[in-house]
Amino acid sequence: AQSVTQPDIHITVSEGASLELRCNYSYGATPYLFWYVQSPGQGLQLLLKYFSGDTLVQGIKGFEAEFKRSQSSFNLRKPSVHWSDAAEYFCAVVAMDSSYKLIFGSGTRLLVRP
Amino acid sequence: ETGVTQSPTHLIKTRGQQVTLRCSSQSGHNTVSWYQQALGQGPQFIFQYYREEENGRGNFPPRFSGLQFPNYSSELNVNALELDDSALYLCASSRGGENTEAFFGQGTRLTVV
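Top line first, the protein sequences correspond to chains W and L. Numbered by this note's numbering, the letters in the first sequence go through residues 110 to 223 in order. Numbered by this note's numbering, the letters in the second sequence go through residues -1 to 111 in order.
If you're looking for bench data, these hints aren't it; they were derived computationally from the structure. One or more hints might be untrue.
[Unchecked claim] Far from chain L, by Cβ distances over 10 Å, these chain W residues were calculated:
#	residue
1	Ser123
2	Gly152
3	Leu153
4	Gln154
5	Lys158
6	Ile169
7	Asp194
8	Ala204
9	Asp206
10	Ile212
11	Phe213
12	Ser215
13	Gly216
[Stated by the list, open to error] Computed Cβ-Cβ distance ranges for the label pairs, DEER-style:
#	chain 1	residue 1	chain 2	residue 2	range
14	L	Leu81	W	Ile120	40 to 46 Å
15	W	Arg186	L	Pro60	18 to 24 Å
16	W	Asp163	L	Ser5	15 to 21 Å
17	W	Asp206	L	Glu50	18 to 24 Å
18	L	Asn77	W	Ile169	36 to 42 Å
19	L	Ser63	W	Glu129	40 to 46 Å
20	W	Ala110	L	Thr98	45 to 51 Å
21	W	Leu220	L	Gly94	33 to 39 Å
22	W	Ser215	L	Glu52	36 to 42 Å
23	L	Glu99	W	Gly171	16 to 22 Å
24	L	Gln15	W	Ala126	25 to 31 Å
C-beta: ideal position from N, C-alpha, C; glycine also.
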């Protein structure tokens, strides 16, 4: 069965520092992968997605992610974090059944130090 | 193009009651999925509706039920509410298929007391 692991529950970075959030997935074939961001009490906003092709994917708000099949990873990166990036980040994989539902990781909460 | 809207935004119910949550899908989308997000956790798939038919269900009991209407809006009904049903309920709409992205509403915060 497909699954997603986000090993870091919390990450704290200083404003202006670089960021990498880890995501590992379990899936037999080429996965469809997503990163979503959620501000407190809000819904989910799509940051970026990987379906196929170039393994380095660019998203909104200056985020990027790299798909590494050999490591079953899809880590999210940003070169310089802004205070407004503080939020919860979720990695998700599409389940290849009739529903193509999203299977989410447990999330990583990002805290930004001024 | 209107986004996904959910109503109400918050509500409080008593254990044993029934609740109906509503979702209007994004224009052009024929698929609606519902997710439950408990505090501090990732969203969990409840079920999906595609062209008014249930098209997949997660590990939730039958007291969680749904509908999709001809305009592709949807309802989530929960009977016999339990304290553990307290969560953020998220609706997502999409065009359907494996490589289409889901757009989420702002969610309904349900508190069961």
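So, going through the hints one by one against the coordinates:
| no. | hint | result |
| --- | --- | --- |
| 1 | Ser123 | holds (25 Å) |
| 2 | Gly152 | violated (4 Å) |
| 3 | Leu153 | violated (4 Å) |
| 4 | Gln154 | violated (7 Å) |
| 5 | Lys158 | violated (6 Å) |
| 6 | Ile169 | holds (12 Å) |
| 7 | Asp194 | holds (19 Å) |
| 8 | Ala204 | violated (8 Å) |
| 9 | Asp206 | violated (6 Å) |
| 10 | Ile212 | violated (7 Å) |
| 11 | Phe213 | violated (4 Å) |
| 12 | Ser215 | violated (5 Å) |
| 13 | Gly216 | violated (5 Å) |
| 14 | L:Leu81 x W:Ile120: 40 to 46 Å | violated (31 Å) |
| 15 | W:Arg186 x L:Pro60: 18 to 24 Å | violated (43 Å) |
| 16 | W:Asp163 x L:Ser5: 15 to 21 Å | violated (40 Å) |
| 17 | W:Asp206 x L:Glu50: 18 to 24 Å | holds (19 Å) |
| 18 | L:Asn77 x W:Ile169: 36 to 42 Å | holds (39 Å) |
| 19 | L:Ser63 x W:Glu129: 40 to 46 Å | holds (41 Å) |
| 20 | W:Ala110 x L:Thr98: 45 to 51 Å | violated (22 Å) |
| 21 | W:Leu220 x L:Gly94: 33 to 39 Å | holds (37 Å) |
| 22 | W:Ser215 x L:Glu52: 36 to 42 Å | violated (27 Å) |
| 23 | L:Glu99 x W:Gly171: 16 to 22 Å | holds (19 Å) |
| 24 | L:Gln15 x W:Ala126: 25 to 31 Å | violated (48 Å) |
When each numbered hint is compared with the structure, violations occur for hints 2, 3, 4, 5, 8, 9, 10, 11, 12, 13, 14, 15, 16, 20, 22 and 24.
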